[in-house]
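Q: Sequence:
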Amino acid sequence: MTSTDVAPPVAVIGAGSWGTALAMHIAKSGRKVYLWGHEPEQMEALATSRSNEQFLPGLPFPDPLEILVDLSDLPSACTQLLVVVPSHAFRQVLRTLLQLPVRPVIIAWGTKGLEKNGSRLMSDIADEELPPEIQTAAVSGPSFAGEVARGLPTAITVASYSNDTAAKVSCWLHHHQFRAYTQKDLIGVQIGGALKNVMAIAAGISDGLGFGANARAALITRGLAEITRLGIRAGGKMETFMGLACMGDLVLTCTDDQSRNRRVGLGLGQGGTLQQIMDQIGQEAEGVQSAAAAWELSHKLDIAMPITEQVYNVLYRDLPALKAVQNLLHRDPKHE
Numbered sequence: 001m002t003s004t005d006v007a008p009p010v011a012v013i014g015a016g017s018w019g020t021a022l023a024m025h026i027a028k029s030g031r032k033v034y035l036w037g038h039e040p041e042q043m044e045a046l047a048t049s050r051s052n053e054q055f056l057p058g059l060p061f062p063d064p065l066e067i068l069v070d071l072s073d074l075p076s077a078c079t080q081l082l083v084v085v086p087s088h089a090f091r092q093v094l095r096t097l098l099q100l101p102v103r104p105v106i107i108a109w110g111t112k113g114l115e116k117n118g119s120r121l122m123s124d125i126a127d128e129e130l131p132p133e134i135q136t137a138a139v140s141g142p143s144f145a146g147e148v149a150r151g152l153p154t155a156i157t158v159a160s161y162s163n164d165t166a167a168k169v170s171c172w173l174h175h176h177q178f179r180a181y182t183q184k185d186l187i188g189v190q191i192g193g194a195l196k197n198v199m200a201i202a203a204g205i206s207d208g209l210g211f212g213a214n215a216r217a218a219l220i221t222r223g224l225a226e227i228t229r230l231g232i233r234a235g236g237k238m239e240t241f242m243g244l245a246c247m248g249d250l251v252l253t254c255t256d257d258q259s260r261n262r263r264v265g266l267g268l269g270q271g272g273t274l275q276q277i278m279d280q281i282g283q284e285a286e287g288v289q290s291a292a293a294a295w296e297l298s299h300k301l302d303i304a305m306p307i308t309e310q311v312y313n314v315l316y317r318d319l320p321a322l323k324a325v326q327n328l329l330h331r332d333p334k335h336e
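Going by the working numbering, the first residue of the sequence shown is number 1, and it counts up by one from there.
Hint data in this document are derived by calculation from the structure and do not stem from the laboratory. Note that beta-carbon positions come from the ideal geometry of N, C-alpha and C, so glycine has one too. Accuracy of the hints is not assured; some may be wrong.
What the hints assert, rightly or not - Okay, derived cross-link-like pairs now, DSSO-like style, lysine-lysine, Cα gap no bigger than 27 angstroms in a straight line:
1) Lys300 to Lys116
2) Lys334 to Lys323
3) Lys334 to Lys300
4) Lys237 to Lys116
Said to hold, decoys possible - Each pair of labels, with its calculated beta carbon distance range:
5) His175 to Leu319: 42 to 50 angstroms
6) Arg229 to Tyr161: 22 to 30 angstroms
7) His175 to Glu128: 30 to 38 angstroms
Please put together the full structure from these sequences, using the hints given.
A: Okay, here's the thing in structure tokens:
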């Protein structure tokens with residue numbers, strides 16, 4: 001669709017940094033966007049200030065962006081939804097959406113994670129919760145919320161089993177300096193987006209311990225190998241893991257301190273406790289939950305994932321960060 005004045009509206013469900021940034025970006029094209037979050041007080045503050053000062057300070061909302069304090073006020077004409085909530089809330093949010101008078105036509109998601117109990121992808125949850133006539137897609141790739149909100153160049157991937165659905169969702173996003181590629185490997189895109197967060201924790205631990213650039217590069221490279229092994233066994237395609245949704249996002253998240261998951265690792269490497277670190281960050285870090293889910297999935301599929309194993313041990317078995325890195329370095333030599 002080329003004319004934004006007749007483009008159907010989009011509702012973004014989730015008003016954290018990423019949901020707000022995507023809502024702002026879509027609205028900059030002139031398309032009507034509704035933004036809702038689960039805390040009414042927060043939404044009232046956003047409506048009053050016309051900005052999200054908590055997560056994206058100093059960045060005013062575009063005019064087409066409207067805040068919804070009550071989700072039941074979503075207009076019936078808004079049948080295209082983009083869910084951007086933590087993975088642990090994803091299932092309940094889908095159930096809530098199905099209780100609305102609005103009947104969604106497309107539900108896409110920007111959630112990058114795995115459901116902890118059962119290691120389900122978001123598409124697995126969507127298959128279980130949504131009627132088959134609702135079109136679904138995942139939005140993933142190397143994209144920090146602050147940079148998207150400021151309009152800096154970004155490229156991401158929209159994955160759906162339906163080329164038509166992927167193209168429709170891409171149309172919401174592909175404008176200004178933001179490129180939205182499409183593809184059909186929904187499994188690979190989601191696994192890449194979820195597991196790169198685990199590797200970012202590992203890279204942060206290494207840097208927090210002062211181990212330098214060589215160690216970071218090794219973790220990124222071997223982390224990519226782990227993700228690819230698991231992803232292919234789960235049904236993903238090799239080329240997906242070399243693209244934006246895995247390699248691109250992995251490099252970004254492991255190397256820049258805008259990444260909450262990397263900051264979790266930095267704090268652990270510097271001797272902090274997980275609770276202290278999460279309190280300081282003040283937002284979800286998906287890699288913490290994804291580490292447990294990926295550990296479970298790797299054992300279920302009998303895939304060796306030594307980096308994931310050590311991150312899991314640090315997070316859930318109180319293994320000291322230094323010992324975790326030493327465990328990796330002291331493994332027997334292998335063919336690459």
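Q: Of all the hints numbered above, which does this structure not satisfy? Sort the numbers upward.
A: No hint contradicted; all consistent.
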